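There are 2 protein chains.
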Amino acid sequence: MRVVKSPREISRILDRLKRGGRKIGLVPTMGCLHEGHFSLIRRAKKENDKVVVSIFVNPKQFAPKEDYKKYPRDLRRDAVLARRAGCDIIFCPGQADMYPDGYAAYVAVRNLSSRMCGISRPTHFEGVSTVCAKLFNIIRPDTAYFGQKDFQQALIIKRMVEDLNMGFKVKVLPIIRQKSGLAMSSRNKYLKPHEKKNAAVIFQSLMKAKGLIKAGARDASKIKAVMRRMILGRPGIRIDYIAIADPCTLVEKKRIDSNVLIALAVWVGRTRLIDNILVDV
Amino acid sequence: MRVVKSPREISRILDRLKRGGRKIGLVPTMGCLHEGHFSLIRRAKKENDKVVVSIFVNPKQFAPKEDYKKYPRDLRRDAVLARRAGCDIIFCPGQADMYPDGYAAYVAVRNLSSRMCGISRPTHFEGVSTVCAKLFNIIRPDTAYFGQKDFQQALIIKRMVEDLNMGFKVKVLPIIRQKSGLAMSSRNKYLKPHEKKNAAVIFQSLMKAKGLIKAGARDASKIKAVMRRMILGRPGIRIDYIAIADPCTLVEKKRIDSNVLIALAVWVGRTRLIDNILVDV
Chain A
0 MRVVKSPREI
10 SRILDRLKRG
20 GRKIGLVPTM
30 GCLHEGHFSL
40 IRRAKKENDK
50 VVVSIFVNPK
60 QFAPKEDYKK
70 YPRDLRRDAV
80 LARRAGCDII
90 FCPGQADMYP
100 DGYAAYVAVR
110 NLSSRMCGIS
120 RPTHFEGVST
130 VCAKLFNIIR
140 PDTAYFGQKD
150 FQQALIIKRM
160 VEDLNMGFKV
170 KVLPIIRQKS
180 GLAMSSRNKY
190 LKPHEKKNAA
200 VIFQSLMKAK
210 GLIKAGARDA
220 SKIKAVMRRM
230 ILGRPGIRID
240 YIAIADPCTL
250 VEKKRIDSNV
260 LIALAVWVGR
270 TRLIDNILVD
280 V
Chain B
0 MRVVKSPREI
10 SRILDRLKRG
20 GRKIGLVPTM
30 GCLHEGHFSL
40 IRRAKKENDK
50 VVVSIFVNPK
60 QFAPKEDYKK
70 YPRDLRRDAV
80 LARRAGCDII
90 FCPGQADMYP
100 DGYAAYVAVR
110 NLSSRMCGIS
120 RPTHFEGVST
130 VCAKLFNIIR
140 PDTAYFGQKD
150 FQQALIIKRM
160 VEDLNMGFKV
170 KVLPIIRQKS
180 GLAMSSRNKY
190 LKPHEKKNAA
200 VIFQSLMKAK
210 GLIKAGARDA
220 SKIKAVMRRM
230 ILGRPGIRID
240 YIAIADPCTL
250 VEKKRIDSNV
260 LIALAVWVGR
270 TRLIDNILVD
280 V
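Residue numbers (numbering that gives the first Met the number 0), protein chains in the order written: chain A, 0 to 280; chain B, 0 to 280.
Please note that the accuracy of each hint is not assured.
Note that identical chains are pooled: a pair holds if it fits in a single copy or bridges any two copies.
As the list claims (entries may be wrong) - Derived lysine-lysine pairs resembling DSS-like cross-links, with alpha carbons at most 25 Å apart:
no. : residue 1 : residue 2
1   : Lys69     : Lys207
2   : Lys4      : Lys22
3   : Lys196    : Lys209
4   : Lys170    : Lys223
5   : Lys157    : Lys59
6   : Lys178    : Lys64
7   : Lys168    : Lys223
8   : Lys44     : Lys4
9   : Lys207    : Lys157
10  : Lys17     : Lys168
11  : Lys196    : Lys17
12  : Lys17     : Lys207
13  : Lys168    : Lys64
14  : Lys253    : Lys22
15  : Lys223    : Lys253
16  : Lys223    : Lys44
Read the hints as simulated data drawn from the structure, not as lab findings. Quantities reported herein were computed from a predicted structural model and do not represent experimental measurements.
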């Protein structure tokens, strides 16, 4: 497995592979790899000749008071685990490689970026779409793989790839969960043992909502109220948002008359966690 | 020469050519081709195996009250002239090909886009960089060619291509002028004969400014005052802006202590014209 830091060098390496007819899969990450990432890498390996895992903690998707500085970084550990999952090349550019002095270009995906997580993190998705546009142009994959845990992110990236005619496939794979139901996330590292235990209520509230809908409930505000009560029943948890929305537009629904996305963000102590499920109606 | 309307089809055609090792030159235009465009096509032909000329009047770079609707369109004439200049493929997508319902992705180049023409046309350059990002991704040229007449546009595009790691060359070729000095522009079509005659003062004012700098003048406001007087000496002309600026950042200079861009936009009757020169100091 190679570890490449320079955008120019990895483009050169991949150009050669592509001229040889090799299919390239890309798994963009911010490192601190977990089972969620491994599932993406394994799928990418199955469907491509070479798998690139990018590891770059992207400052542009963090607001000034967010956790950019303390975000966990351990390239050596990540490299071992990525290789084990099937990664062929790790691309880990430095900040100055990605955003040299005078950097000025940004990609925004309107509407989708301003809903749900975009309300409390208004600059977040512009940072995400910008760094992904750059990674996609550097790597030029045949397929890029994202996890459904970041449902809104994946939707925005798909829209960007289609709107800007980037000409490759984006696949979104299921959320990987711990036994408790807690969705795998690099930020779970921040949780103290009792917080981790309490955080299991996030998925429980989603399953409860799904159960209510399957049993015929159609009033979104009532379902959200049940979720809210469940979550606030645990100590140290605050709710950022709970949304029951159209899974294509992310527009919230009052009445559940077709398939919905149920998504939420909560603060468990000082850690912000997100989760979601899709429910067929 | 082929005329292709579908983004998917032209990508397919060009993929085949590129796999065969052919170099692709792209000249993005809004049609109504003139000598300025021909000079770009001829250069592209010299430096590439195949030349693509895109013709698309991009609604997103016009503000609601601007001339999108009346912008001159004549594909048949353009096709004949483009072929004569060396074009191999015309790419002329429809609006719905470029901006289908639900379109949401935009590319913005900060700072550079808000100066000079960006002051009176605040959404213009976002439209330009967005459509160029799309065209670049559809065509994936080895080199794209732009005219210096739209100096700010070319600078923004170069910045975008570099910042977003698009990985090809952008070349900016000299302004082509009529005998009177008037810069070639599709919008010259709008000018009545007496307006065209008066519009020659635009270039005369640039040459006058250059002469003053070459003779030692260093105070930008004094030079601009001379230009302003010259231009307003002609009937029916209003000034949008005159800028004497750093040619890399477009930041205006008070004192001319290094090479400068002198750029201006004026209204000749109901037609907005731009022009510029670079002056070595």
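Each hint, compared with the structure:
1. For the homomeric pair lysine 69 and lysine 207, neither the shortest alpha-carbon distance inside one copy (34 Å) nor that between copies (58 Å) is at most 25 Å.
2. For the identical chains of this complex, lysine 4 and lysine 22 are intra-copy neighbours only, at 21 Å inside a copy versus 28 Å across copies, given an alpha-carbon limit of 25 Å.
3. Only within a single protomer do lysine 196 and lysine 209 lie at most 25 Å apart by alpha-carbon distance; the minimum there is 21 Å, versus 73 Å between protomers.
4. Taking the shortest alpha-carbon separations for lysine 170 and lysine 223, neither the intra-copy value of 29 Å nor the inter-copy value of 56 Å comes in at or below 25 Å.
5. In this assembly of identical chains, lysine 157 and lysine 59 lie within 25 Å of each other by CA distance both inside one copy and across copies; the values are 19 Å within and 21 Å between.
6. In this assembly of identical chains, lysine 178 and lysine 64 lie within 25 Å of each other by CA distance neither inside one copy nor across copies; the values are 32 Å within and 59 Å between.
7. In this assembly of identical chains, the alpha carbons of lysine 168 and lysine 223 never lie at most 25 Å apart, being 34 Å within a copy and 53 Å across copies at closest.
8. Taking identical chains as interchangeable, the C-alpha atoms of lysine 44 and lysine 4 lie at most 25 Å apart only when both belong to the same chain, with a minimum of 21 Å there against 36 Å between chains.
9. In the homo-oligomer, the alpha carbons of lysine 207 and lysine 157 never lie at most 25 Å apart, since the shortest distance is 29 Å inside one protomer and 52 Å across protomers.
10. In this assembly of identical chains, the alpha carbons of lysine 17 and lysine 168 lie at most 25 Å apart whether taken from the same copy (16 Å) or from different copies (20 Å).
11. Taking the closest pair of Cα atoms, lysine 196 and lysine 17 never come within 25 Å of each other, the shortest separation being 46 Å inside a single copy and 55 Å across copies.
12. Taking identical chains as interchangeable, the C-alpha atoms of lysine 17 and lysine 207 are never at most 25 Å apart, the minima being 47 Å within one chain and 54 Å between chains.
13. Taking the shortest alpha-carbon separations for lysine 168 and lysine 64, neither the intra-copy value of 34 Å nor the inter-copy value of 38 Å comes in at or below 25 Å.
14. Proximity of lysine 253 to lysine 22 under the C-alpha cut-off of 25 Å is found in neither arrangement, the shortest distances being 44 Å within a copy and 54 Å between copies.
15. When the C-alpha separation of lysine 223 and lysine 253 is checked against a cutoff of 25 Å, the pair qualifies only within one copy, where the shortest distance is 11 Å, while the shortest distance between copies is 60 Å.
16. For the homomeric pair lysine 223 and lysine 44, neither the shortest alpha-carbon distance inside one copy (39 Å) nor that between copies (62 Å) is at most 25 Å.
The earlier numbered hints that this structure contradicts are 1, 4, 6, 7, 9, 11, 12, 13, 14 and 16.
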